[in-house]
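**Q** What follows is the residue order along each chain.
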Amino acid sequence: MLSKKQLFTRGMLDISPHMLSVIPFGIICGAIGVELGFNPYLVYAMSFIIFGGASQIVFLQLLSGGASSLVAVASVGIINSRHLLYGAVLSEYLEKLSFLKKLFISYVIVDQAFAESNKFFKKNTSEEFLHYHLIGTGCTLWVCWQIATLSGIILGSFVPEELGLKFAIPLTFIAIVVQDLKKIDHVIVMITCGLSSLLFFDAPFKSYIIISPVIALFIAALLLRLKK
Amino acid sequence: MTLVSIIIAGILTYFTRMTMVALISRDMLADKVKAVLEYVPSAVFPAIIFPGIFINDYGTFIEINDPKIYGALVAIVVGYLSKNIIATILAGLISYWFLIFVIFS
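If you read the sequences in order, they're chains S and F.
Under our numbering, think of the first position of the first sequence as 1, with each following residue one higher.
Under our numbering, think of the first position of the second sequence as 1001, with each following residue one higher.
These aren't lab readings, by the way, just hints derived from the structure by calculation.
Virtual Cβ for every residue (Gly too), placed ideally from N, Cα, C.
Among the hints, a few may not be true.
From the derived model, a few chain S residues whose C-beta atoms are all more than 10 Å from chain F [stated by the list, open to error]: (1) ARG10; (2) HIS18; (3) PHE120; (4) LEU130; (5) LEU150; (6) SER151; (7) PHE158; (8) VAL159; (9) PHE173.
Okay, derived cross-link-like pairs now, DSS-like style, lysine-lysine, Cα gap no bigger than 30 Å in a straight line [stated by the list, open to error]: (10) LYS1032(F) / LYS123(S); (11) LYS1032(F) / LYS122(S); (12) LYS123(S) / LYS183(S); (13) LYS119(S) / LYS5(S).
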């Protein structure tokens, strides 16, 4: 049985490799906001209030492109609706927490934190203070994201654009799913999702990001039925 | 951009994170649903990976010989064999840089 502190530290360690992509992306995200001419305080407020990388960039780009606030807000909501799926997966492990703790821990459920903590949860179901792992991954990512976007806002994009560091984002997620390529059913689900995301890329409000997982999960359900 | 629209976007985002965690309990999910939820990472992350590789900043498809495709393939192979996140990201980035700065420049 691991202590709370051990679990928290384990979470920090498990998420830290992803900072290789999160920190440059955060700097870019902060710098873009200022470059597009937005008030630096508001650009930073997004990192604190919304706390979701891709959705923050889309929000800024839509508004600077002349879209209405309604469209921008709706897009953020739709892009982030994928968290509903993360929550459904994690709910099983977080069930025992008090309502208040659930409210707090929800704030730090972001892509990489979900991915790493979910992997850990699956292997360590018997741990009593399991959620401290998620607090470790989520809070580490939160702190790094705040520092990275702030430095992008203050210093501008000191990450040379030629390096194309945005490419580190797909790479981080490749690192997350790559071991599942061993399983043919997961490969089918991944390819379904990936191709659907390209097919529906131009769907309104960036909805490809939730349409394609729904299609992929539907395929997963079909595969499960076939297996039996 | 107003603070109000950021706050509304933030509340919406928070609700996407909180709803399922706070409102669902174990017995509400049938075993079949749980089995499907096992696939969530594989069903969600490619929607970030594929556009990140195949679609450029202007929202159009990249060409078939784009260095990102090779960078991603290298990352998949290195990631699969090494099981190491840092190695996966660096392998993808370095092979991408090698192509854009050395080969295609």
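**Q** Hints first: check each against the structure and report whether it holds.
**A** Okay, the hints, checked on the actual structure:
1. Every beta carbon of chain F lies more than 10 Å from that of ARG10(S), the smallest distance being close to 15 Å; the non-interface claim holds.
2. Residue placement check: HIS18(S) does not keep its beta carbon more than 10 Å from all beta carbons of chain F (closest about 6 Å).
3. Remark: the non-interface label on PHE120(S) is consistent with the geometry, its nearest Cβ contact in chain F lying 13 Å away (cut-off 10 Å).
4. Taking the minimum C-beta to C-beta distance to chain F, about 13 Å, the non-interface status of LEU130(S) holds against the 10 Å cut.
5. The beta carbon of LEU150(S) sits about 16 Å from the closest Cβ of chain F, which is more than 10 Å, so the claim that it is off the interface holds.
6. Non-interface call for SER151(S) relative to chain F: holds, since the shortest CB-CB distance, roughly 20 Å, exceeds 10 Å.
7. At roughly 18 Å from the closest C-beta of chain F, the C-beta of PHE158(S) stays outside 10 Å, upholding its exclusion from the interface.
8. The Cβ of VAL159(S) lies farther than 10 Å from every Cβ of chain F, with a closest approach of about 12 Å, so its non-interface assignment holds.
9. The Cβ of PHE173(S) does not lie farther than 10 Å from every Cβ of chain F; its closest approach is about 4 Å, which violates its non-interface assignment.
10. For the hint pairing LYS1032(F) with LYS123(S), the CA-to-CA distance comes to about 20 Å; that is within 30 Å, so the pair holds.
11. A C-alpha spacing of about 17 Å is found between LYS1032(F) and LYS122(S), which places the hinted pair at or below 30 Å, so the restraint holds.
12. This hinted pair checks out: LYS123(S) and LYS183(S) have alpha carbons roughly 18 Å apart, not beyond 30 Å.
13. At most 30 Å may separate the alpha-carbon atoms for a hinted pair to count; LYS119(S) and LYS5(S) meet this at roughly 19 Å.
The structure fails hints 2, 9 (numbered hints given earlier, in ascending order).
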